[in-house]
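Sequences and hints are given; from them, build the entire structure.
2 protein chains.
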Amino acid sequence: MKFRITGRDRRTDARTADVELAHGHVHTPVFMPVGTNATVKAVPVEDLEDMGVRIILANAYHLYLRPGTGVIGAAGGLHSFMAWKGNILTDSGGFQIFSLAPFRRIESEGVFFRSHIDGSGHALTPESVVGIQLVLGSDVMMPLDVCTPYGVPREQAISALEITTEWAVRSLAAWRRAGGGTAGGTGAGAGGTAGGAPGELFGIVQGNFYPDLRRRSAEELCAMDFPGYALGGLSVGEEFSAFIDMLGSSSGLLPAEKPRYLMGIGSPDFILAAVEAGIDLFDCVYPTRIARNALAMTRLGPLNLRLAKNERDQRPIDPECGCSTCRRFSRSYLRHMFKCKEIMGAVLATHHNLFFIQDLMAGIRRSIDAGRFSAFKHEFLDRYTRGEP
Amino acid sequence: MKFRITGRDRRTDARTADVELAHGHVHTPVFMPVGTNATVKAVPVEDLEDMGVRIILANAYHLYLRPGTGVIGAAGGLHSFMAWKGNILTDSGGFQIFSLAPFRRIESEGVFFRSHIDGSGHALTPESVVGIQLVLGSDVMMPLDVCTPYGVPREQAISALEITTEWAVRSLAAWRRAGGGTAGGTGAGAGGTAGGAPGELFGIVQGNFYPDLRRRSAEELCAMDFPGYALGGLSVGEEFSAFIDMLGSSSGLLPAEKPRYLMGIGSPDFILAAVEAGIDLFDCVYPTRIARNALAMTRLGPLNLRLAKNERDQRPIDPECGCSTCRRFSRSYLRHMFKCKEIMGAVLATHHNLFFIQDLMAGIRRSIDAGRFSAFKHEFLDRYTRGEP
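Chains as they are written, first to last, in the numbering used here: chain A, 3 to 391; chain B, 3 to 391.
Hints may be right or wrong, so weigh each one.
[As the list claims (entries may be wrong)] Heads up, incomplete: computed chain B residues facing chain A, CB under 7 Å, no partners named:
id, residue
1, A44
2, R314
3, R330
4, E344
FYI, nobody ran anything at the bench for these hints, they're computed from the structure.
What you are looking at is a predicted structure, and each value in this text was computed from that prediction instead of being measured.
By construction, the Cβ of each residue, glycine as well, lies at the ideal position given by its N, Cα and C atoms.
Right, here's the structure in full:
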């Protein structure tokens with residue numbers, strides 16, 4: 003993997019970069035649409051390509067449970083299985099085991115849990131999670147980690163941090179045994195494809211919302227020299243202010259010369275705050291999930307398409323948007339789709355929201371390269387938070 | 003409307019024709035995908051265009067109830083509302099009131115019924131149904147008719163027939179008062195658009211499964227000189243053999259120089275039998291509905307994508323199909339989509355089934371023009387009914 007910083011904002015830590023992965027270049031700051039089950043819900047892969055998406059996120063936990071690595075391996079890996087030519091980052095499952103599994107027991111060796119789908123019992127170790135992601139052929143893998151909810155006692159946060167560090171050591175060793183890191187940052191070869199060299203492996207910083215624990219976790223992980231670093235354990239019920247505090251005390255701990263990934267963040271205000279702190283990668287179900295619930299993003303704030311006020315509104319979701327939904331369909335039509343529970347409601351609204359956030363990220367990148375990120379951020383948020391869509 | 007026969011089979015009554023409607027030419031025999039609620043379920047309108055669909059069916063009953071003609075009128079008609087540039091035929095609602103409404107009372111004046119959506123009470127007359135379709139801007143309208151289930155007593159079939167004929171007279175009068183038929187078959191002008199000249203109005207033959215009643219209905223309607231004719235009252239629970247008998251005793255009663263439309267038919271065996279009898283237009287929810295239930299059409303018969311045998315099957319749904327689903331996705335992946343209840347399962351399978359039936363219709367047209375329809379039919383059905391997909 004080559005990571006090359008291409009632009010820096012004048013007043014903030016915001017930066018643009020070019021990340022060269024096995025399935026092509028990614029320009030950061032980037033938002034990765036979430037394709038949990040090997041599909042970005044309600045979005046054809048051609049549409050992702052058309053709107054310039056170069057990297058998506060999939061989930062090792064979900065795909066391990068269903069359809070299983072045997073099925074995806076038989077297809078030659080996840081790219082081939084889902085017919086996606088771009089890059090794929092796979093989350094390890096740490097967050098999902100924490101948030102979805104009806105039962106889990108974390109031990110030093112690994113985690114035992116019950117499937118949220120059928121209640122069946124499973125065990126995962128740092129090594130097996132790397133193995134799963136090798137079969138998937140992920141361009142970027144994440145190691146198994148331990149997530150904790152917002153507000154846990156310090157002792158619990160320390161315990162989670164310590165296991166996360168231990169597991170990071172073991173994950174890195176397993177990755178290196180499989181040939182990880184041997185491509186030497188050239189980005190060449192079949193990296194990230196099943197059968198080729200392994201994709202990259204990022205470290206995940208935990209520590210809950212204790213600044214000193216975040217520092218300790220970051221120091222322990224940075225000493226291991228991962229190709230990139232993530233801040234994990236967010237979107238666990240915290241307020242915006244707690245998020246901002248954590249961000250301020252954490253992002254500066256990550257090496258500036260490597261990609262920084264903030265896990266589970268996808269609303270414009272959170273993204274803008276994190277870009278300002280120097281974060282490069284984001285993922286979140288937010289834009290796609292709210293779309294399926296008829297909430298469309300506009301430059302003047304979110305718009306609930308189900309509301310009666312849209313009944314005869316001939317305007318597109320966002321008159322400033324150039325997406326194929328906004329070029330063809332009115333709020334009136336989209337409201338009708340949602341009222342009738344028509345599949346095209348979810349399809350059209352999801353397309354718009356992803357296009358909207360892609361457009362936001364492109365605007366962020368341009369503003370950084372022009373050295374005016376702060377102005378962009380304030381202009382965007384002023385309209386987004388105070389507007390009447 | 004211009005209706006020009008372009009080809010005739012040598013041994014059967016099958017024919018090809020060019021139908022010029024307000025939104026372009028339609029080559030028959032044609033299958034009209036069903037877009038009940040102003041959307042062909044799970045299919046983007048661009049995809050319909052791309053696969054060569056020139057006419058779809060929408061439903062006056064559904065659209066009258068939701069979102070209402072006020073909303074569609076405010077959008078400038080149904081084409082504009084749903085961003086569809088091709089032709090639209092709208093069913094009158096006779097079949098839906100018969101099959102969906104929890105309560106209905108048919109009187110000479112019109113029909114009183116309760117909505118299947120919210121139980122609200124409504125009255126429709128032949129005149130108001132023409133009026134609704136004028137607002138929709140349908141390219142082809144259908145008059146209000148009375149459908150009866152398979153096997154009703156003769157008296158009930160006679161009563162339905164007589165009211166259907168009375169209503170046909172009134173529908174035709176209302177249509178002519180609105181300017182219907184004045185375009186004089188030129189197909190020119192803004193016909194079929196809200197605000198332009200009205201679209202065409204077809205007569206609907208009823209008579210249940212009594213051959214003499216079908217003859218009487220056809221004679222009464224043909225005397226009125228509609229621009230086209232439909233056989234209604236099918237897909238009401240009859241066996242294939244009863245359908246074939248009705249077809250044999252009915253299709254020859256319709257004028258050869260006008261389009262013949264068989265309502266509610268969409269499986270390959272029924273379509274092939276009807277084309278052989280000289281039918282030109284078809285519509286049915288069959289291909290789209292079964293797709294949402296994971297049943298995919300192949301040249302070797304229907305394939306249930308949910309079956310375990312597909313788990314690691316890397317073949318496309320139909321190796322002979324050129325649709326975008328078959329070009330990109332395996333049975334293994336599609337099974338995974340359905341197992342996970344992912345929206346893309348319905349989207350991808352529906353695209354395939356519509357492409358499949360479009361391809362079947364194109365094959366039918368080519369075989370008729372080549373004078374070898376019977377051979378085509380037998381070859382197709384032999385593989386479709388005996389194959390192992």
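Structure-based check of each hint:
1. A44: holds (4 Å)
2. R314: Since the shortest Cβ distance to chain A is 4 Å, the answer is holds.
3. R330: holds (4 Å)
4. E344: holds (5 Å)
Of the numbered hints given earlier, the model fails none.
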